[in-house]
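K.L.:
What follows is each chain in one-letter form.
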Amino acid sequence: MDLKLREEDLAFQREVREFIDRHWPEEVRKARRNVGRFEETKGEAPEVRRFIDALNERGWAVPNWPAEWGGTDWTPTEKYIWDKETARAECPQLSAFGARMLAPVLYTWGTAQQKERFLPLIREQKMIWCQGYSEPGAGSDLAALATRAVRDGDEFVVNGTKIWTTGAHVADWMFCLVRTGTEGKKQEGISFLLIDMTTPGITVNPIHLLGGIHSVNEVELADVRVPVANLVGEENKGWTYAKGLLTHERTGIAGVARSEVMLARMKDIARETGVDGGSLWDDAEFRRKVHALEIDLEALAMTELRVLSQVEQGGAPGPESSILKIRGTELSQALQTLQIDVFGYYGLAYPDQTLIDNEGPVGHPYGLTAMQAMLYGRASTIFGGSNEIQKNIISKAVLGL
Amino acid sequence: MDLKLREEDLAFQREVREFIDRHWPEEVRKARRNVGRFEETKGEAPEVRRFIDALNERGWAVPNWPAEWGGTDWTPTEKYIWDKETARAECPQLSAFGARMLAPVLYTWGTAQQKERFLPLIREQKMIWCQGYSEPGAGSDLAALATRAVRDGDEFVVNGTKIWTTGAHVADWMFCLVRTGTEGKKQEGISFLLIDMTTPGITVNPIHLLGGIHSVNEVELADVRVPVANLVGEENKGWTYAKGLLTHERTGIAGVARSEVMLARMKDIARETGVDGGSLWDDAEFRRKVHALEIDLEALAMTELRVLSQVEQGGAPGPESSILKIRGTELSQALQTLQIDVFGYYGLAYPDQTLIDNEGPVGHPYGLTAMQAMLYGRASTIFGGSNEIQKNIISKAVLGL
Amino acid sequence: MDFSLSDEQSLLKDSVERFVQNDYDFDKRRKVMAEEDGFSRKNWQQFAELGWLAIPFSEEDGGFGGGAIELMLLMEQIGRGLIVEPYLPTVVLAGGFLRRAGSAAQKEQYLSGIIDGSKLSAFAFAEPQGRFNLADLTTTAKAKGDGYVLSGHKAVVLGGPSADFLVVSARTSGDQRDADGISLFLVDAGAKGLSRRDYPTVDGLRASEVMLENVEVGKDALIGAEGKALPLIEEVIDDAILAVGCEAVGAMEVLYKATVEYSKQRVQFGQPIGKFQVLQHRMVDMFMEYEQSKSLMFMAAMRLDEGYNDAAKKAISGFKVQVGKSGRFVGQQAVQLHGGMGMTEELSVGHYFKRLTMIDTLFGNVDFHLKRYGSFD
Amino acid sequence: MDFSLSDEQSLLKDSVERFVQNDYDFDKRRKVMAEEDGFSRKNWQQFAELGWLAIPFSEEDGGFGGGAIELMLLMEQIGRGLIVEPYLPTVVLAGGFLRRAGSAAQKEQYLSGIIDGSKLSAFAFAEPQGRFNLADLTTTAKAKGDGYVLSGHKAVVLGGPSADFLVVSARTSGDQRDADGISLFLVDAGAKGLSRRDYPTVDGLRASEVMLENVEVGKDALIGAEGKALPLIEEVIDDAILAVGCEAVGAMEVLYKATVEYSKQRVQFGQPIGKFQVLQHRMVDMFMEYEQSKSLMFMAAMRLDEGYNDAAKKAISGFKVQVGKSGRFVGQQAVQLHGGMGMTEELSVGHYFKRLTMIDTLFGNVDFHLKRYGSFD
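Chains as they are written, first to last, in the working numbering: chain D, 1 to 401; chain P, 1 to 401; chain U, 1 to 377; chain H, 1 to 377.
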């Protein structure tokens with residue numbers, strides 16, 4: 001038992017760091033640090049495009065995919081190092097909906113044509129996807145979805161409403177769960193469809209989240225005609241694919257590296273924040289809170305390593321893997337909440353990005369980002385299976401209750 | 001709206017204080033302060049007997065009872081002052097099972113003979129009672145009780161087992177819920193019986209609680225014959241009486257005055273406890289915890305006053321009365337837990353009372369009492385309707401869920 | 001010991017309650033916030049007509065003679081309606097200084113305008129370096145001729161954008177954090193050398209950074225005695241803490257009740273989510289936090305009315321601690337239990353959450369007031 | 001990065017696990033505790049035969065050469081079985097000093113006895129006034145002739161009643177809380193001038209107040225260099241913290257699993273209480289606290305094995321903080337969910353709860369170690 005990286009892993013780490021320093025250099029990081037990034041916007045900044053192109057050139061764009069579609073043959077430790085280093089440098093990531101959520105479904109259950117058509121575009125981030133799962137009546141109870149797809153010749157005619165669809169307003173395509181059968185349990189009769197967002201009948205209505213962030217949408221589908229060729233896998237088996245996908249990506253789910261970055265930045269800012277002739281960092285009570293969270297974070301990081309190590313040994317992740325999402329989101333929310341405390345009265349100040357662009361920030365330049373992170377972060381314990389649902393699952397699957 | 005006591009209330013307060021100073025003087029309080037009082041023991045200390053006699057002489061033994069049975073005509077404010085002053089001086093109380101729990105049932109639903117026979121003895125604490133409610137299979141689900149009472153002439157024959165019976169080993173009598181009918185809902189068919197503990201067929205088995213405290217027992221009833229004259233109220237209506245009783249005594253349920261005494265003592269001891277050349281009270285983190293609990297306690301005290309004021313105005317207690325027990329027990333547990341922290345390593349030391357009597361305390365003289373309070377205090381969120389059950393009740397009765 | 005309201009108090013409470021119910025639903029509030037000032041001048045005139053702007057002022061000054069209880073009743077309803085009109089900066093803060101220490105001339109010039117609704121104001125006290133320390137001032141007021149010259153940077157001045165005049169704390173002597181040497185000045189918003197940067201705050205109010213560059217004021221701009229303003233500032237801020245605390249209590253009541261209602265209607269897994277025990281107990285916890293906060297609200301108001309002393313200060317800080325903790329919990333859980341809907345700007349839930357979060361910061365957060373509370377031990 | 005055990009480590013773990021399972025059920029434990037010493041000398045001999053008493057000692061010293069991982073594996077099982085035999089005071093504490101700083105003669109006289117099970121020991125370090133400060137010593141050791149004379153009061157010496165010899169910290173120079181001037185001495189339990197008051201601790205162990213009145217020891221009783229013992233004490237105490245922390249992790253595992261089992265069997269309101277969602281989530285929380293503690297246990301042990309430096313100290317303090325918090329929560333909730341049964345001496349639940357509560361105090365509580373953790377930042 002030891003925590004040391006092996007020599008070959010250290011070499012890999014050096015390689016990764018060199019790549020990042022070249023393609024996502026310190027000055028770019030700094031420049032982007034104080035930009036609220038919770039809005040989904042059409043198009044990318046040129047530096048982001050360059051980084052993604054570099055990833056593709058190097059063959060590192062989609063480390064978890066099968067090698068034949070551009071993935072790597074990295075060991076779990078190497079993947080862990082990659083995640084850690086890119087998070088530390090706050091590198092841009094490929095849009096998760098295509099690369100992390102849809103792609104595994106496609107390369108596992110998609111047709112040859114679907115794979116060839118979509119996977120390269122996803123890998124190069126030239127096609128942006130959104131996820132059509134939730135519906136107004138089907139939130140935590142996802143399988144209660146009611147959007148209907150009725151076969152008409154070699155097309156499905158889709159009618160219904162999707163909600164909380166992140167990035168639907170900037171997406172080229174949507175992958176979507178639709179009801180194609182009504183018999184049996186509600187989990188049966190669900191199919192997995194790929195829908196071109198330019199198809200007639202689709203209306204995207206923006207939903208503004210706390211802080212005015214526009215990231216999610218309501219998507220209305222009225223007689224939207226989708227070629228049968230865009231059905232993934234078998235009809236009525238969509239639930240299986242979606243569920244497989246929900247448990248697919250364990251690495252990084254706890255957001256440890258992101259939280260570590262946030263914690264370190266909070267310490268830096270507290271050290272620079274003057275209070276009563278000293279700094280906020282001199283305040284024992286503030287330090288106590290930071291260190292209490294730091295211990296929680298170290299525990300979570302170690303839990304993640306334990307899971308990683310099991311996977312590395314070829315075993316299945318043990319029960320401790322189930323806590324990663326719950327504890328990860330609780331912790332990031334606690335950090336986000338404490339973080340705005342650092343700014344004192346300036347935590348109240350909330351000029352929007354345009355205002356900042358024109359006149360510079362009010363208070364600390366990181367203030368807006370911190371506030372938006374806190375507000376947007378409340379979603380982390382709701383979306384993607386609320387923490388209450390996660391606990392139901394652990395209770396049943398792990399504790400056998 | 002104001003918090004000031006009226007002149008007549010202040011006069012009453014002075015009267016109460018004089019009474020206490022005379023009959024429960026400072027030197028007696030001090031002498032008893034460090035004695036663990038969580039064991040139920042047969043007989044009373046002479047100073048306790050003297051105090052109870054004085055109460056009876058003055059007519060203050062059972063303020064809440066109807067005047068005809070020795071109660072007072074105090075206003076709710078006067079009752080509040082009484083509770084507060086006696087708690088502050090840590091005066092002995094009449095055994096709650098007789099005076100607070102059984103008596104209201106008796107003077108409300110008992111026969112004339114029952115009242116005359118039992119109420120004076122309870123008031124004078126010359127007859128000790130225990131409560132036969134819980135059973136091995138009926139804890140939180142009290143109505144599931146299975147102890148049977150079968151009518152045989154002018155007697156009931158009782159068979160079954162009661163558990164968690166506080167003081168059964170020192171009690172003269174037990175009031176007891178028994179099943180006399182099996183039809184309808186489980187709440188129906190329960191009767192309220194008074195049982196002489198010297199009746200043949202009763203076996204009391206001690207249960208030792210954490211810390212070796214002997215306070216509760218298992219009581220086996222094998223063919224115990226109870227005269228029908230000892231049935232309270234109607235047969236099969238016992239649940240109604242017991243339930244009425246459970247909500248009867250609101251005043252003091254939060255234990256605010258007891259917690260205030262504990263908090264003040266903890267501060268005193270912390271001020272006397274040396275740490276690193278100063279005192280434990282100089283430790284900002286310790287003070288922070290104490291003050292956080294003090295604020296909670298002030299809130300609870302005010303909530304209690306709000307309820308009192310409603311009752312004083314002749315109204316029914318509002319929804320806020322429901323939180324008194326939950327918050328009161330949470331808070332006393334938090335105080336008990338923090339309190340043992342004060343003693344540092346001596347919190348580990350646990351000589352029993354005999355050891356102390358022979359050789360004096362190890363560490364602080366209050367250490368044993370504090371530790372026993374912490375251990376015994378864990379029961380406060382379990383017994384008498386667990387806090388989980390309390391929340392179920394509030395959820396339904398107050399929130400309408 | 002008496003928790004009942006006088007007839008006048010009941011009338012006041014009913015009047016604000018009615019306004020919130022009839023004239024300030026969430027849609028109307030949204031429209032009001034979209035106005036140029038970020039609130040409605042028409043509403044403000046109505047407040048004046050209803051007499052609300054006169055509440056804390058003595059009858060001699062043309063007011064209603066109300067105390068902490070009246071302020072509590074009003075602010076609790078303001079919290080329930082999430083009212084954005086600048087009652088706090090104008091009436092509680094600026095008005096609080098004028099009624100306590102304003103000269104007859106100052107009262108005539110400014111206080112009458114506050115009462116009749118013609119003048120808005122704000123208190124410029126915080127500074128970028130000062131965090132919650134009211135005495136940490138780098139803004140200076142130097143004697144010049146018969147008056148003073150003010151220079152400095154005042155941060156996050158709530159109500160600043162629409163203020164006709166400001167009350168400004170500045171140092172007339174002493175070092176940066178000295179208790180002595182702090183003075184208060186009345187400064188007209190249009191004064192030469194005064195510039196502002198206006199912006200919205202997270203909870204939908206408006207604030208300004210106020211820059212003072214050699215702003216000249218006369219001797220008559222000084223409120224109270226030169227250099228002795230700190231105790232007065234502390235007293236007025238304690239009023240303001242009571243005010244925002246009461247707002248928080250009102251907001252918590254709305255949130256816990258709205259959550260209970262939502263949970264009865266929202267169906268998931270074939271039943272209303274209010275049938276799930278975990279959510280039931282969570283809502284019981286929200287209810288208890290609200291009730292405990294309300295209890296300390298009563299205590300703080302009653303103590304303040306008994307007189308401004310250590311017991312009152314302690315009660316105020318205790319109340320602020322409770323409201324900070326409870327408000328966070330109730331706000332966060334209301335969002336959580338509303339699911340995605342709680343995250344939207346469209347529903348009111350998130351706006352209450354934001355206001356509660358901000359109230360924790362205003363005038364010192366939980367840590368700050370827990371220490372202050374302990375300092376009276 | 002490797003979380004797997006070596007074959008030897010697996011054997012060790014299995015061996016202790018088997019002992020706990022087969023030879024240390026709750027009834028046997030009760031009998032053992034009723035023995036005069038409060039533990040079983042027979043068990044202790046078995047530990048010696050199984051080689052457990054040799055684990056941390058070098059092969060040169062007749063030991064097994066184990067490190068922190070081995071200690072962890074053993075202590076975790078000791079925690080699961082709530083084993084009362086004095087492994088901590090004898091092997092971890094006294095043994096820890098001897099193996100690190102004992103002279104050849106001292107090792108021969110004392111260490112061999114620890115390894116073969118013939119000698120028990122204890123570390124007398126705490127004092128009535130010292131709380132958790134290892135350097136706060138009023139016990140003095142004054143040079144006299146060729147040796148020293150010790151006087152003072154040592155508090156709550158765990159394992160004191162059965163110790164054949166004690167390791168005692170005392171001041172040879174300096175003021176009461178100086179880091180410098182602290183020395184360690186080997187003192188035979190029967191030494192003239194040494195007296196004890198023995199008592200049980202809350203968690204069922206035995207401890208002593210040890211009074212030293214002019215106890216004379218030779219120069220050869222000194223462990224390590226005179227006046228320089230504090231860093232050594234800190235290092236050995238950190239070993240002990242790892243040890244009790246691992247015990248706590250073992251105890252938490254037993255508790256959360258026992259609670260889950262109980263909740264499947266205990267029927268109330270017509271169903272097993274494990275079907276109530278609130279209790280389900282509570283048990284999930286218990287499970288998570290256990291897993292997080294276990295993670296930091298691994299980290300602390302691995303850091304210690306990398307070398308005794310600031311990273312190791314920080315990991316130890318972080319682990320102690322986690323175990324303090326988690327242990328309290330898991331212990332309290334296990335009692336709560338067991339209802340009345342959890343309150344009884346008869347069931348094991350309450351005993352685990354008591355041990356977990358006490359472990360939070362041992363060697364510094366959460367507050368103490370949170371501060372120490374922060375001191376490495």
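A portion of the hints provided could be inaccurate.
Said to hold, decoys possible - Simulated pairs of lysine to aspartate or glutamate, EDC-like, Cα-Cα distance not exceeding 20 Å: (1) U/K325 x D/D341; (2) U/K325 x P/E155; (3) U/K264 x D/D141; (4) U/K325 x D/D282; (5) H/K371 x D/E330; (6) P/K289 x P/D223; (7) H/K371 x D/D283; (8) D/K4 x H/E346.
Hint data in this document are derived by calculation from the structure and do not stem from the laboratory.
K.L.:
Each hint needs a verdict: does it hold in this structure or not?
P.N.:
Verification of the hints:
1. U/K325 x D/D341: Roughly 13 Å between the alpha carbons, so the hint for U/K325 and D/D341 holds.
2. U/K325 x P/E155: With a Cα-Cα distance of about 59 Å, the restraint between U/K325 and P/E155 is violated, given a limit of 20 Å.
3. U/K264 x D/D141: holds, 16 Å
4. U/K325 x D/D282: violated, 23 Å
5. H/K371 x D/E330: violated, 23 Å
6. P/K289 x P/D223: Judged against 20 Å, a Cα distance of about 54 Å means the pair is violated.
7. H/K371 x D/D283: Distance of about 12 Å is within 20 Å: holds.
8. D/K4 x H/E346: Between D/K4 and H/E346 the Cα gap is close to 46 Å, so the pair fails against 20 Å, i.e. violated.
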